[in-house]
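Chains as they are written, first to last, in the working numbering: chain L, 199 to 687; chain W, 274 to 808; chain Z, 19 to 185.
One thing to keep in mind: the hints can contain errors.
Stated by the list, open to error - Here are a few chain W residues that sit away from chain Z, every Cβ distance over 12 Å (derived from the structure):
#1 GLU504
#2 LEU531
#3 SER537
Unchecked claim - Stretches of chain Z that chain L covers, calculated by requiring three or more beta carbons in the stretch to come under 8 Å of a beta carbon on chain L:
#4 72-85
#5 93-103
#6 135-144
FYI, nobody ran anything at the bench for these hints, they're computed from the structure. All values derive from a computational prediction rather than experimental measurement. Ideal Cβ positions, reconstructed from N, Cα and C, are used throughout, including at glycine.
Residue-level listing of the chains:
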Amino acid sequence: MSFSKLLVVNRGEIAARVLRTAKARGLATAVLRHVAEQEGPAHLIADEIVMIDGLTPVAAYLDIPQIVAAAKKIGADAVHPGYGFLSENAGFVAALEEAGVTFVGPTSETIDLMGDKVRARAFVEERGFPVAPSAIEDDDPETFVERARAVGYPLLIKPSAGGGGKGMRVVREDSGLEAEIETARREGERYFGDGRLFVERYIERPRHIEVQVMGDGQGNVVHFWERECSIQRRFQKIIEETPSPALSLEQRQDICETAAGIARAVNYRGAGTVEFIYAQDGAFYFLEMNTRLQVEHPVTEMVTGFDLVAEQLRIAAGEGLSAVQADIPQTGHSIELRICAEDATADFRPAIGDILLLDEPQGEGVRVDSGILDGGKVTTDFDPMLSKLIVHGRDRAQAIARARNAVQNYVILGVTTNTGYLDAILSHPDFASGDVSTGFLAEQSEMLTAPGEDVSDLLMAAAALSDDRLVSDVMQIPKMHRKMGGWRN
Amino acid sequence: MRRIESLVDTNAADYKANYAAMSVRLKEFHARQHAARFERPQRDIDRLARQNKLGVRERLKLLLDPGTPFLEFSTLAACREYDGAVPGAAVVTGIGIVQGREVAIHANDASVKGGAWYPHTVKKIVRLLDVALENRLPVIHICDSAGGFLPLQHGVFPDRYLGGRVFRNQVKLSQANIPQIAVVGGHCTAGGAYVPTLSDYNIIIEGTGAIFLGGPPLVKAATGEEVGVQELGGAVMHTSVSGTGDYRAATEQHAFSLAREIVSQWKRTPKTIIETASYEEPYYDPTELYGIIPKDRKTQFDMREVLARIVDGSRFHEYQPDYGTTMVCGFAHIWGFKVGILANNGVLFNDSSLKAAHFMQLCNQNRTPLVFFQNITGYMVGREYEERGIAKDGAKMLMAQGGSVVPKFTVIANASYGAGNYGMCGRAWDARTLFMWPQAEIGVMGADQAANTMADVKIRQLQREGKELSEEEIAAIRDPVLEKFRRDVEAYTSTSELWDDGILDPADTRNALGMSISASLNAPIDDPHYGIFRL
Amino acid sequence: MQRIFQIDGEETECWLGHDGSQFVLNTPDGTVACQLDPTGLPGGYTLRAKGVVRELRLAVGPEATFVHMDGRTYGVGRVDPAERLAGRDGGASDDRLVAPMPGVVVSVAVKPGNTVEEGQPLLVIESMKLETTLTAPRDGVVAEMPFAEGDSFGLKDILAQLAPEEE
Numbered sequence: 199m200s201f202s203k204l205l206v207v208n209r210g211e212i213a214a215r216v217l218r219t220a221k222a223r224g225l226a227t228a229v230l231r232h233v234a235e236q237e238g239p240a241h242l243i244a245d246e247i248v249m250i251d252g253l254t255p256v257a258a259y260l261d262i263p264q265i266v267a268a269a270k271k272i273g274a275d276a277v278h279p280g281y282g283f284l285s286e287n288a289g290f291v292a293a294l295e296e297a298g299v300t301f302v303g304p305t306s307e308t309i310d311l312m313g314d315k316v317r318a319r320a321f322v323e324e325r326g327f328p329v330a331p332s333a334i335e336d337d338d339p340e341t342f343v344e345r346a347r348a349v350g351y352p353l354l355i356k357p358s359a360g361g362g363g364k365g366m367r368v369v370r371e372d373s374g375l376e377a378e379i380e381t382a383r384r385e386g387e388r389y390f391g392d393g394r395l396f397v398e399r400y401i402e403r404p405r406h407i408e409v410q411v412m413g414d415g416q417g418n419v420v421h422f423w424e425r426e427c428s429i430q431r432r433f434q435k436i437i438e439e440t441p442s443p444a445l446s447l448e449q450r451q452d453i454c455e456t457a458a459g460i461a462r463a464v465n466y467r468g469a470g471t472v473e474f475i476y477a478q479d480g481a482f483y484f485l486e487m488n489t490r491l492q493v494e495h496p497v498t499e500m501v502t503g504f505d506l507v508a509e510q511l512r513i514a515a516g517e518g519l520s521a522v523q524a525d526i527p528q529t530g531h532s533i534e535l536r537i538c539a540e541d542a543t544a545d546f547r548p549a550i551g552d553i554l555l556l557d558e559p560q561g562e563g564v565r566v567d568s569g570i571l572d573g574g575k576v577t578t579d580f581d582p583m584l585s586k587l588i589v590h591g592r593d594r595a596q597a598i599a600r601a602r603n604a605v606q607n608y609v610i611l612g613v614t615t616n617t618g619y620l621d622a623i624l625s626h627p628d629f630a631s632g633d634v635s636t637g638f639l640a641e642q643s644e645m646l647t648a649p650g651e652d653v654s655d656l657l658m659a660a661a662a663l664s665d666d667r668l669v670s671d672v673m674q675i676p677k678m679h680r681k682m683g684g685w686r687n
Numbered sequence: 274m275r276r277i278e279s280l281v282d283t284n285a286a287d288y289k290a291n292y293a294a295m296s297v298r299l300k301e302f303h304a305r306q307h308a309a310r311f312e313r314p315q316r317d318i319d320r321l322a323r324q325n326k327l328g329v330r331e332r333l334k335l336l337l338d339p340g341t342p343f344l345e346f347s348t349l350a351a352c353r354e355y356d357g358a359v360p361g362a363a364v365v366t367g368i369g370i371v372q373g374r375e376v377a378i379h380a381n382d383a384s385v386k387g388g389a390w391y392p393h394t395v396k397k398i399v400r401l402l403d404v405a406l407e408n409r410l411p412v413i414h415i416c417d418s419a420g421g422f423l424p425l426q427h428g429v430f431p432d433r434y435l436g437g438r439v440f441r442n443q444v445k446l447s448q449a450n451i452p453q454i455a456v457v458g459g460h461c462t463a464g465g466a467y468v469p470t471l472s473d474y475n476i477i478i479e480g481t482g483a484i485f486l487g488g489p490p491l492v493k494a495a496t497g498e499e500v501g502v503q504e505l506g507g508a509v510m511h512t513s514v515s516g517t518g519d520y521r522a523a524t525e526q527h528a529f530s531l532a533r534e535i536v537s538q539w540k541r542t543p544k545t546i547i548e549t550a551s552y553e554e555p556y557y558d559p560t561e562l563y564g565i566i567p568k569d570r571k572t573q574f575d576m577r578e579v580l581a582r583i584v585d586g587s588r589f590h591e592y593q594p595d596y597g598t599t600m601v602c603g604f605a606h607i608w609g610f611k612v613g614i615l616a617n618n619g620v621l622f623n624d625s626s627l628k629a630a631h632f633m634q635l636c637n638q639n640r641t642p643l644v645f646f647q648n649i650t651g652y653m654v655g656r657e658y659e660e661r662g663i664a665k666d667g668a669k670m671l672m673a674q675g676g677s678v679v680p681k682f683t684v685i686a687n688a689s690y691g692a693g694n695y696g697m698c699g700r701a702w703d704a705r706t707l708f709m710w711p712q713a714e715i716g717v718m719g720a721d722q723a724a725n726t727m728a729d730v731k732i733r734q735l736q737r738e739g740k741e742l743s744e745e746e747i748a749a750i751r752d753p754v755l756e757k758f759r760r761d762v763e764a765y766t767s768t769s770e771l772w773d774d775g776i777l778d779p780a781d782t783r784n785a786l787g788m789s790i791s792a793s794l795n796a797p798i799d800d801p802h803y804g805i806f807r808l
Numbered sequence: 019m020q021r022i023f024q025i026d027g028e029e030t031e032c033w034l035g036h037d038g039s040q041f042v043l044n045t046p047d048g049t050v051a052c053q054l055d056p057t058g059l060p061g062g063y064t065l066r067a068k069g070v071v072r073e074l075r076l077a078v079g080p081e082a083t084f085v086h087m088d089g090r091t092y093g094v095g096r097v098d099p100a101e102r103l104a105g106r107d108g109g110a111s112d113d114r115l116v117a118p119m120p121g122v123v124v125s126v127a128v129k130p131g132n133t134v135e136e137g138q139p140l141l142v143i144e145s146m147k148l149e150t151t152l153t154a155p156r157d158g159v160v161a162e163m164p165f166a167e168g169d170s171f172g173l174k175d176i177l178a179q180l181a182p183e184e185e
C-alpha cells in the first residue's frame, strides 16, 4: 500500500500545493503538463514533468488512457487527482486499480454513489439525515411534474448528473414550471450527457455551509469543522471562511457531527466535503457530498493546524488518520479569496494577458497558493482561477483586516483580476457583520462593481512617463525649445 | 560675468510716458498681426471648408511638435500693398520644431486669394529658402496655391530673384544635402508643380492635392483634351501611375502624420559647437524695455539698459568700455549661447568704428556669433573726422563685418539711417535673421532731413526762377514730402516690403534671437578670412 | 509626443511636454506636472503629480500600461494617434481598381452585388505578357465590373467599382 512516487494529475495551484506536501513527506514527485501550457510553480517543484497532449488542453487532463499510461511509464505508484478533472471519475479510479497504481482518494463505489446526486440524496435520506423536500424524476417519471409542484415554491430544478452549481434553475411560479423543466432537461443532456432531473425546495437566502471530513476507510471518520461558502456568484464560490459567522458552537457541532455521520455511513476513505443548505431559521439540509479535496480546504488547515494533503497521503499509504476528533481544534478565523483572471466590470468575462509583474503578499497569517509565475501567460485554455489567498487571524475582524490588506497588496499586472472586487466584498458592511446569504453578491452587484475615486490623471501621468518611446520623443526636442514652450512671436 | 547695473527709474515720468506710448504702438501691432494671421472673410473660410481643406494654421498645428515655439517671419508682409487684401502675402514662413528637429516652414495660406503668388509672396518664399540654405535647415513645404497672380506676373516671374529663384533655391538645398518634404494639400500648377517634384519626399492628400504642369482648363485650351483634376494630377494617379507622388494620404491628419514620420527618420547631424553656458532669465524684466525705448525717435538712450533686459542674467562683459563709447561692444549669453554684441550709443566716430572692427575680428576668431542692436543715424561728418580718415575707418568696420564668417543677427532697435545701417549689418549684409522694433525707422536718412533736403532743392529751383515763397508755400512743398518720407521709413513699410524678417514686440526679442542662433548652428562656421583693411 | 490613453473604455488625447525642468502632461482638461522615479522594487515607482505622492507598481505591456496603486489595479491602454492614422493608409477611400496600364481581361471572379473581403481576387488581367490578379482593396459590395473576359481596356480605365462605404 505504501508508495514512493506520486504523480499529480492536475495543474495550477492545486498541483503545486499537493507537490509541496508530497515532497515534504519524502516522496518522488511528478506532474502532468500540457504541451501548450505555460510554466507554473508546479513544474518547478516536481522532480519530473510528463507532457500530455489532446484536442484541447482540458481534454488532455481528462484523457484516462494517456494519463494511466503516463503513470506507468514513469513508474509512479500513486496518483493524486487534485480537484476537478478526473478527481471524481470512478472510471479513472478503476483504470488505476487495474494498472496497480494507488489512487489518493475514495473508492470507486463511493465516488459512484455520491456522484449521482439523486442516489446520494436518497442514500442520505434513508439513513435519517436531513434533506430538503424534493421530487426525484426517476422515482416515477409520469408523476414527476405533479410531485415537483407539490414540493412547493420556490423550487430548484437540478440535473441528476450535475454538480458544481451548473445547470440549476429556480422556479418561483407554477406557470413557468413545465417550460423550465424542459430547458433544464436539455441543459442536462448538453452539459452532463444526462437529462434526468430532480427538484428541491429552494431555500430563500440560504447559507452554504460545508463540513470537511476525513475517513481512513477502516470505519474511522473525523471532521475538521465547517466552512461557510455563501459568497457565491452564479453558484461559483468566491470567498470561503471558517468558522461560519452565523452559527453558534452548538450549531457547528451539530452540523459537523451530521456530516461525519454521513461519511461513516459510507465508510468513507480519504478527504471529502459534505455540503449543506442552511436556512434562515437554523434548519439545514444535505445538498451533496464532494468526494475529493476541495478548492477551499486551506481555510480548514489554517484554523486546525492540519495538512489535509498529508492526511490524504497517509490514508492512501495505509497509515490511517493522524488524529482523533478531540485533537482537532478550531483556533482563530480564516478566510480564503479566489484570485481569478476576470473583469468584474465586464460581467466577469474571463481575462487573458501576460503576467508582466507578480508580487504576492506575505506576512503574518498570510498564505498564497499560487498557480502562476511572474512572466507567465494567462489564456482561456483553463479555469480563470489563478491562485488562492488565504489569511488567518485571531478573530474574524482581524482575518478580514488581514485579507483586505493582503488583497490590496496583491500585485498582478498585465491581466485583469478580481482583486478589486474581492476587496469591495470584504469592505461591505454586510460582509463585516456576517449577514450574508448566497444571494449577497447578486443583490449587491452594483455597489460592489462601482468605480472608485477618479485617478485618471495620475494614471495617465504614470503611463506617459513610463512610455520610453514617448519620453525619448519629447526629450529629443532641444532644451531651449522645450523651455520656450508654445511661444509665438 | 558681471551684471549690468541698471540706472532706469521705473517711476520716472519719461519712463512712464515711453511705456504708455509703446503700449499704444504694441496694441496696434498685435491687432494687425492677429488680423493678418487669423481674421479672414467668412466666405474664404467657408470655401476652404467646402473644399474639405484645413486652414494653414491648423495644418501647422498637426505638423509641429506640441508645446514648441514657432518663430514666424514677416507676418505683416504686403501689409501696405494690394490695399491690404493679401495679409501675410498669402504665405506663412518661419522656423519650427518637428520631431525635435529645427525645420524651415513654407506654407501657402489658401484662405488668402486661394494662396496665389503675388510679388511679395515670391519674395517671402525666396527669403525663407535663403534662410534654409544659409542655416542648413530642412524645409517642409505645405503646397496649396492657385498659382501666380497673373495681373502682376511681371513681378512674379521674369527676374533673377523672382519665381524661378524659389525652384533654384530648392535645387541648391538638395544639392547641399538639406532635405525637403512637400505636403500637397491643394493644387500645384505650372511652376508650382516644381515644389513637390524638387522636394526629396512628397505627400499628396487624396481629393484635395494635385500636381500638374497644366491644369484642366489649360489642357483643354491647348489640345482640346477634356480631363478632370484627379485624373490629370490627383493623388491616386501620381502615387500609382506616374511615380511623381511618394505617399498618398487619406486625410490631412494622415498626411502630416506621415510627414512627421519622415522627419523622424532623418539622421540628425551634429550642430556646430560654440561656447554655451546654462541659461538664465534676464535679471531685469524684459517688459521694462517699453519704458526705456523713447517715444520720440530722436531721444538718446543707453543701449546697455536695453541689453540688460535681453541677455542672460543681464550679464555683460564689455569690451573697451572707455574707448569709442558711442559703440557698445561686449560678450553676453542669450539662452545660453555666447554672443558678441554691438550696439549703438550715438553716431559712429573713428574710434568707435575701429573698436567695432577689432571686436568683430575677436568674435570671428573665437567663433562667437554676432548680434547687432541698431540705433544709428550715421557716421560723424566734418573736416576733423574726414582728416582722421572716418571713411577709411568706416570701411574697415565694413570689411570686418562683411567679411565675418560667424552667424550674424540684427535687431533694428530704433534708427537705421545711411551707411550706419551697413556697418551694423543691415539687410544687404547677410544677417541670418533681421528684425525691427515697432517704432524703428529705416531709410537713407531721417524723414525730416530727407524732406528738408528734397524741399530745399525744389525751393532753390523756384528761387532761381525768381519766385519768392511764403512760409505757407514752403510748408506746402515740404509737408507732403515729409508725410511720404515718414511713411516710407516706418517699420510697417519695411516689413511690408520684406526688408526685414518681421516686426517684434521688444519683449519677444530674446526668444527670437535664441531661436535664430540655435537654427544657425545647423551650418558650419568657416575659418575667419577678410579682404583688405584700408589701414 | 501625443498619446491617446484608454481608461475604462474612455479615450483621452494628450501630449507630453518637458519644460526644461519637469514633465508636463497636457490633457484636454488641463496640465499635469508630473515626475516618476524608480524605487528599487520590481516595477516600483514613486509618482509625483497634482500635489500628491503615490507609491505604485507598474508594468508596461505592448499596448497597455498596468498600474497598482493604493491597493487597486488599473489598466491604461496606449495608442499613438499616428499609428491609428497610418493603419488606414493604402487608400482608405478605395472604391475602385484602376488599370495601371492597357491590357486584356483574362477572367472575372465576381459579379455586381457580390460581397467581397479585402484581398479577395476580383479579376485577372494580362498586360505586357504578365498576368496579374487584382484584389479587393477593402471589404465591401461589388457595384460594377465594367469589363468582361476577353475585353481589352486602357490605361486608367476602371476595372472594378465597389459600392461606397456606409457611414
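Take the segment 72-85 of chain Z, compare each residue's beta carbon with every beta carbon of chain L, and decide whether three or more fall closer than 8 Å.
holds (count 10)
Minimum Cβ separation between SER537(W) and chain Z greater than 12 Å?
violated, 10 Å
Given that the segment 135-144 of chain Z was listed as covered by chain L, double-check it with a C-beta distance under 8 Å for 3 or more residues.
violated (count 0)
Do three or more residues from the segment 93-103 of chain Z put their C-beta atoms closer than 8 Å to C-beta atoms of chain L?
holds (count 3)
Was GLU504(W) rightly flagged as not at the interface, with every chain Z Cβ beyond 12 Å?
The claim breaks: GLU504(W) does not keep its Cβ more than 12 Å from every Cβ of chain Z (closest is about 7 Å).
According to the definition I'm using, a residue is off the interface if its beta carbon is farther than 12 Å from all beta carbons of the partner; does LEU531(W) meet that for chain Z?
violated, 7 Å
Hints 1, 2, 3 and 6, counting from the list given before, are not met by this structure.
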